[in-house]
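Novice: Each chain, letter by letter, is given below.
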Amino acid sequence: MITEGIFPVLDAFSAIQIVILGLIGGTLSGFIGSGGAFFLTPGMMNLGIPGVLAVGSNITHKFGKSLVGSKEHGKLGHVDKKLGLFLLITALIGIWAAVQINSMFFKKQGESGSAAGDLYISIVFISILSIVSVLISKDAVKKREHGEGPSTKLAEFFTKIYLPPVIQFHVADVKVSFWLISVVGMATGFLAGTIGVGGFIGVPAMIYLFGIPTTVAAGTELFLAIFMGAWGAVNYAWAGFVDLRLVFLLYTGSLFGIHLGIYGTKVLNEKIIRLVTGLIILLSVISRIIAVPVYMRKLGYIEIAPKWDPLFNGTSKAFLYAAGISGFIVIITAVIKAYYKRIKIRANLPAVFK
Amino acid sequence: MGLITISRGTFSGSKIVSELLAKELGYKLVCREDIVKKTDLFGIPVNKLQEAITKPPVANQRLKHLREVYLAYMRLQLCEMAINDKIIYNGHSGHLLMKGVPNILKIRVLGDMEFRINGVNKNLNLDREEAKIYIKNVDTERSKWTYSLFGRDWSDPMQYDLTLNLSEVPANKAVESIIAYLDSPEFKITGETTRALENLKLESLARVQIGKNSRTEKADIKVTAEKDYVNVIIPPKQADVVQDIFEVTKELGNNITVNCTIANTSILWIQEKYHMDTGTYRDILNLAKKMDAAVEMLRWEYNPGPLERFHNPPDIYNSGESTLKPEPSFSGCTDLQSGRVIDALIREGYSGGCSTVRGSSKNLYLSILHPKRYSLFVIDDLFLSKPPEVRKRKTAELIEDLAVHFKLPVLEPSELKSRISPGKKQKFFTAGCFIVAMVLFISVFFNHGQIIKLITDEANNTGKIIIITIMMVFVPAFAYAYSTITKTILRLFKIG
Numbered sequence: 070m071i072t073e074g075i076f077p078v079l080d081a082f083s084a085i086q087i088v089i090l091g092l093i094g095g096t097l098s099g100f101i102g103s104g105g106a107f108f109l110t111p112g113m114m115n116l117g118i119p120g121v122l123a124v125g126s127n128i129t130h131k132f133g134k135s136l137v138g139s140k141e142h143g144k145l146g147h148v149d150k151k152l153g154l155f156l157l158i159t160a161l162i163g164i165w166a167a168v169q170i171n172s173m174f175f176k177k178q179g180e181s182g183s184a185a186g187d188l189y190i191s192i193v194f195i196s197i198l199s200i201v202s203v204l205i206s207k208d209a210v211k212k213r214e215h216g217e218g219p220s221t222k223l224a225e226f227f228t229k230i231y232l233p234p235v236i237q238f239h240v241a242d243v244k245v246s247f248w249l250i251s252v253v254g255m256a257t258g259f260l261a262g263t264i265g266v267g268g269f270i271g272v273p274a275m276i277y278l279f280g281i282p283t284t285v286a287a288g289t290e291l292f293l294a295i296f297m298g299a300w301g302a303v304n305y306a307w308a309g310f311v312d313l314r315l316v317f318l319l320y321t322g323s324l325f326g327i328h329l330g331i332y333g334t335k336v337l338n339e340k341i342i343r344l345v346t347g348l349i350i351l352l353s354v355i356s357r358i359i360a361v362p363v364y365m366r367k368l369g370y371i372e373i374a375p376k377w378d379p380l381f382n383g384t385s386k387a388f389l390y391a392a393g394i395s396g397f398i399v400i401i402t403a404v405i406k407a408y409y410k411r412i413k414i415r416a417n418l419p420a421v422f423k
Numbered sequence: 005m006g007l008i009t010i011s012r013g014t015f016s017g018s019k020i021v022s023e024l025l026a027k028e029l030g031y032k033l034v035c036r037e038d039i040v041k042k043t044d045l046f047g048i049p050v051n052k053l054q055e056a057i058t059k060p061p062v063a064n065q066r067l068k069h070l071r072e073v074y075l076a077y078m079r080l081q082l083c084e085m086a087i088n089d090k091i092i093y094n095g096h097s098g099h100l101l102m103k104g105v106p107n108i109l110k111i112r113v114l115g116d117m118e119f120r121i122n123g124v125n126k127n128l129n130l131d132r133e134e135a136k137i138y139i140k141n142v143d144t145e146r147s148k149w150t151y152s153l154f155g156r157d158w159s160d161p162m163q164y165d166l167t168l169n170l171s172e173v174p175a176n177k178a179v180e181s182i183i184a185y186l187d188s189p190e191f192k193i194t195g196e197t198t199r200a201l202e203n204l205k206l207e208s209l210a211r212v213q214i215g216k217n218s219r220t221e222k223a224d225i226k227v228t229a230e231k232d233y234v235n236v237i238i239p240p241k242q243a244d245v246v247q248d249i250f251e252v253t254k255e256l257g258n259n260i261t262v263n264c265t266i267a268n269t270s271i272l273w274i275q276e277k278y279h280m281d282t283g284t285y286r287d288i289l290n291l292a293k294k295m296d297a298a299v300e301m302l303r304w305e306y307n308p309g310p311l312e313r314f315h316n317p318p319d320i321y322n323s324g325e326s327t328l329k330p331e332p333s334f335s336g337c338t339d340l341q342s343g344r345v346i347d348a349l350i351r352e353g354y355s356g357g358c359s360t361v362r363g364s365s366k367n368l369y370l371s372i373l374h375p376k377r378y379s380l381f382v383i384d385d386l387f388l389s390k391p392p393e394v395r396k397r398k399t400a401e402l403i404e405d406l407a408v409h410f411k412l413p414v415l416e417p418s419e420l421k422s423r424i425s426p427g428k429k430q431k432f433f434t435a436g437c438f439i440v441a442m443v444l445f446i447s448v449f450f451n452h453g454q455i456i457k458l459i460t461d462e463a464n465n466t467g468k469i470i471i472i473t474i475m476m477v478f479v480p481a482f483a484y485a486y487s488t489i490t491k492t493i494l495r496l497f498k499i500g
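Read top to bottom, the protein sequences are chains A and B.
Residues 70 to 423 in this note's numbering are what the first sequence spells out, letter by letter.
Residues 5 to 500 in this note's numbering are what the second sequence spells out, letter by letter.
Just chain B, with the same shape it has in the complex (with noise of 0.2 Å):
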């Protein structure tokens, strides 16, 4: 098993480093047209769909299924490649194909201009301005494709784990670089690498029977597959065609459990660990039935990259290997709490599937391909290898980085309950600090004069030791009576 993704601008030189490097590695050479060829032949026809997603917009419904159709099959002949061979995939964007999978080397291989001039011409026989106009407007169309169907910038450098300018370094010694670079821990290809693969297979191979079939082919659904567990989430105005998906999921298999869930739209509940004890499970759940939302549980293990180790280096490598011990499968998740607390929500029709996500915050974004499906993100209970001051700060940052990233709410389970449940006794202990703030301002205004006459008599020693106990515990006493009202008030802005 092994997968290389690299992607390529038009006429860039992406080619010649594919074939040199599954020269050199002994891997399979896929290139995109293989894959098209095969998606056609399924009955997906490809070129429409990429006239109609780059002219201007259309707003059509069935574009919109058969591109999801179209993703999904893609998805499955690369998982199926990838899982019985070592492959190198020469696309536009197959690192974002493969979505949520770990250890995948993901390489962007570009030239300037004048390098791909140089191939037009040879290439296509056409002149300089002819070639500039050519390569312009194919790196339009590709963007355009991506976006629509990603809603990423393929140019994007931060997706990818190494860049090569051909322009600059040699095809060869470009292949010696990715060569070397495959040799890191971080693109070993792990149980965690197998275990995605398959998971997203699974997940690909559903959505391709839910959409090929023509009672089912309608469907505004968004599907997630762990271990053999599938789960759907419908709109609740197409509820009537649950029955359907049931049936046409029964070629996935007896030992597939398929589940659906009908939702309005889908809440993001993000955790290192899963419990049904913390009061965050049915804070949540009530959240889902006023919101009429599935809630999608997506488990990230927090695990630094190198730039981030340096305050705490680790003292074993593990080499990326997972460290929990394997335990059964519980509907579909990796560990028993996550599991149960996955039981409960499918029993109570909420659930929207489990998710695994392990590495570093990119790994974590990477992860959430359709944010428009979520109204909200809720997290808890993350960074739990750190000490509590350090996870309160990166959980603080991590909020402020995903409303940011996303531009969705993004909310602690504190958050959730103050807004379900407003307190009375913090209405009457502000109440409390205002009175006790009043007191003690009135107090040392009033009596200024005799504070003063005890503090400056250098006679009266006793008097000065009272003045200053008393000082040194009105000061604090007035200063956090106060803060707490300035605070309160601040709330009211939602600032703080």
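The following block holds chain A by itself, in its conformation from the complex (with noise of 0.2 Å):
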């Protein structure tokens, strides 16, 4: 892509491909919670949008997604905005926390500082997020006895545990403790501080910690991700990394996939949308693995001819856009599925409706 500065210059072919990214990116969204900087980000960079303007762009984007996304998951009881802002605050702390971690590397010069830096972010992103994707897949293909819900052993195990001050959530229909959460937000936020996704823990730990419904963590998280969002837009834009136009045209496709996504998790059950987010998890994580060796080639830990890096970086972005796109088709087969079940089933409804 040609750009004007760090400034690309649109013509219509990468526009089209800018609404297909944003297309996956806001049904991941809709359905799962999460879709955007696992997914679209390093999708711009590859159609050659500078890293930073890659991010500024969409998390700009992110705000007015999430304000959609939260607003139409609210209408179907999904968003505890209580428990949101709850998180929220826990979460500015780590964020703060994992700016300081990670400014602490790329302090350092040259290759090896980038290298060390790269490294550190994909070793928190494989070792937490492989335990999650796993816990995810395993509970969503188990059999239970009193339906397809998820597992509540672990929320169960807290409750029994009763660390005062609980709180009581009406629309999750949850008592939580105020330590549990805390630890939680802060985790999330220190994750979207060091990797660029929260999401990926906060829904998990929102389902399995404090035995939250699936569509309501899902609901919640977009609820937060609208002044993560917003913040970011913010900074990004006095720096001068945000091009309206990318945002602009992301919209164009990811708010035709929010409602698909959002219509996805009314009509298929809660074990479908689990094993999308840890087949989506896991593929991520495979993604992040395969990157590692050119980090610690960088770093001298390993020899390997530097002719290979473009291989590995390939195949790690490879497996990223499989992430998205194997999600995206997943969702939307389960969608197109139950969409014409549903209108079999209208069908039998009396003439006067026709």
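Calculated from the structure, these hints are not laboratory results.
It cannot be assumed that every hint is accurate.
What the hints assert, rightly or not - Cross-link-like lysine-lysine pairs, in silico, DSSO-like; alpha carbons within 27 Å at most:
{"no.": "1", "chain 1": "B", "residue 1": "K90", "chain 2": "B", "residue 2": "K192"}
{"no.": "2", "chain 1": "B", "residue 1": "K90", "chain 2": "A", "residue 2": "K244"}
{"no.": "3", "chain 1": "B", "residue 1": "K90", "chain 2": "A", "residue 2": "K151"}
To be verified - Derived CB-CB ranges, DEER-like:
{"no.": "4", "chain 1": "B", "residue 1": "N464", "chain 2": "A", "residue 2": "N115", "range": "29 to 39 Å"}
{"no.": "5", "chain 1": "B", "residue 1": "N464", "chain 2": "A", "residue 2": "G117", "range": "26 to 36 Å"}
{"no.": "6", "chain 1": "B", "residue 1": "A184", "chain 2": "A", "residue 2": "I394", "range": "50 to 60 Å"}
Stated by the list, open to error - Rough simulated footprint, nothing fancy, chain A against chain B, three-plus residues with beta-carbon under 8 Å:
{"no.": "7", "segment": "28-41"}
{"no.": "8", "segment": "480-487"}
A quick note: this is a predicted structure, and the numbers were derived from the prediction, not measured.
Each residue gets a CB set at the ideal place from its N, CA and C atoms; glycine is no exception.
Hints given; two lone chains; assemble the complex.
Specialist: Structure (structure tokens):
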């Protein structure tokens, strides 16, 4: 892509690609509450858009998309604002801590400084999210006596411990210890600040530690994303790294996708939502694992020829795309099946409706 | 009063469990054969019915009526016995006979093939292979019989509260388990159980009287009863039997009110509380007029089972007793508002009766025994004890589950409105959003150069602040406007 400074010169073809990226990211977002940073940012970078502009434009896009998504989820009773605000306050502390640690790595000059930071981020990503993806996927495929809901073992365990003060969240229909919320909020913020992906820990944590229904976890995460998006948008715009054309083109696709994703949460059962989340996180983790040898080579921990770097990076990128696209395909296929099933049932509606 | 149902497979050991249990509890043991004998004496040829139903399809209208009278008579017998005594019913599908009656312990007794073969060998003197064939044939016949009567698979464990495998558990231990189960509050006989039994008895009695009388035996009717009120729904083509039905049902007693509604089909309207003042009643009535349907009201008071209590354990456990104050019955319903609604429907000629179910969604599903009688379900005002967002969510989940389970359309009142009266306001609003979105989109692309200049000019903080402020307004405004358009487009395809 040709750029003027860091801003790209957009033609019809690249515009369409950005719209398609937005469609996939929006669908993932509406369905599992997360779909932005892990897919859209590297996706835009792959089109030749400089990284910092991709991040800044995506965060700005996230602000408006989360507003819409959160509003739609709210109509279905999927947003617990009180819980969102509790998580937000503690997440900000986590973000601050992450920024301090990341800055420490990136202050070091040269290739090794960047590689050290990249390796650190990748290790955090891999270690935490591999556990999360295995737990979610395993739980989703397990047969349960009382239906297809997620395991409540951990949530019951924390309720039994009883760490006051315990706060009642009416929309999510749970009571959770303030200390547990604080830890989860800070961990979400720390991960968001470190690897740019907060939903991947926030959504599973809400489901398994708080015992919240999957749809409410996705909706509340979108509500959180409004504030993070707004804060990020202001900061990146001030630094001059937001291209409104990219933001609007992303919206052209994502605001279709987000309704499809939310519709999916209405017509599909919890099990599928968790399976898709687990699959996406797992493929993202594999993507990161493949990129690790490049950083280790740069730091001198292993010896491999630099000519292999493009192969590792390319394969890593391929897995990342696979994560987003496979998740999108699974969601859309399931939504189409559910849609036709409903059409069949609704065909039985009396003639007065037709 | 008391009732336990034990469903059996042939030679599964249920007889010994039933006898031991009856002895331990001091209950009277009633077997299916006892009631079938009385049914035969009453003039319903059960064996012929069984033969006809379990053989290859016979679409015989007379058989269909006979089947319904048979079921009604069986129910009548069981209800009378359960009201006057404490009984254990050992039969094929007692739990399905006692539809909608809460707090009854429903047990299934089974044994593995070896266990059952041993039973056959001892009692029928057949060899192993003959025993196997015998068991298989009997099981097949019983499956067909139960399915033809109730439309259910009798072996589905979800219908039972307790399943006992006598090949693994000795009979005396099985009986101990049952007695321990009976201590649960869920199986304590309450005022609700009594009311449900009496309603079912009245309904069955009315059905039997109508079915046994030569003037009315051919009517394709649906009968419901609540307290002293019986509602009979008749299809329009048989409207001429209405007067005969009134005469035949005089034998029910002077204190019993019988109402006849002529309808083509029924709409099942499920709510926790009914009100005359909401638009829902008017919308449903309009719909019933257009569809020529009776409106059957089903009051469902949601009471989650133990597994659903995790998030909000109750502060005070009320031992399953209804917390409703007993109000004077009003046209067959237990609360004043529901009574007003049903009376209004009666006056309009579209009433299909009213019944009440309390408990989890499982109870709700079990109470809808003949879904084929309905054209659609309408759901409104449920989960009233929960916050609004939880109500929305649980209602959406219930609608989806009902639609998939019963393969019928399930609508909310808002959907009734949008079909009956589409909005011009909605169209104008969407057009407005389209204009706003286009203006914003074109503005950003045409002024891109200027925006970049201001946003990247380090020396011009004022310009940056202006651009950022505009951005924080434009971005959500475009998102909202464009999202309205996309939502409208998806709704045209009935998505969302």
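Novice: All hints are to be evaluated individually against the structure, with a verdict given for each.
Specialist: For each hint, the structure was consulted:
1. B:K90 with B:K192: holds (12 Å)
2. B:K90 with A:K244: violated (43 Å)
3. B:K90 with A:K151: violated (52 Å)
4. B:N464 with A:N115: 29 to 39 Å: holds (33 Å)
5. B:N464 with A:G117: 26 to 36 Å: Roughly 29 Å apart at Cβ, these two residues keep to the hinted range, so it holds.
6. B:A184 with A:I394: 50 to 60 Å: This hint holds: roughly 55 Å between Cβ atoms.
7. 28-41: violated (count 0)
8. 480-487: holds (count 6)
Hints 2, 3, 7, counting from the list given before, are not met by this structure.
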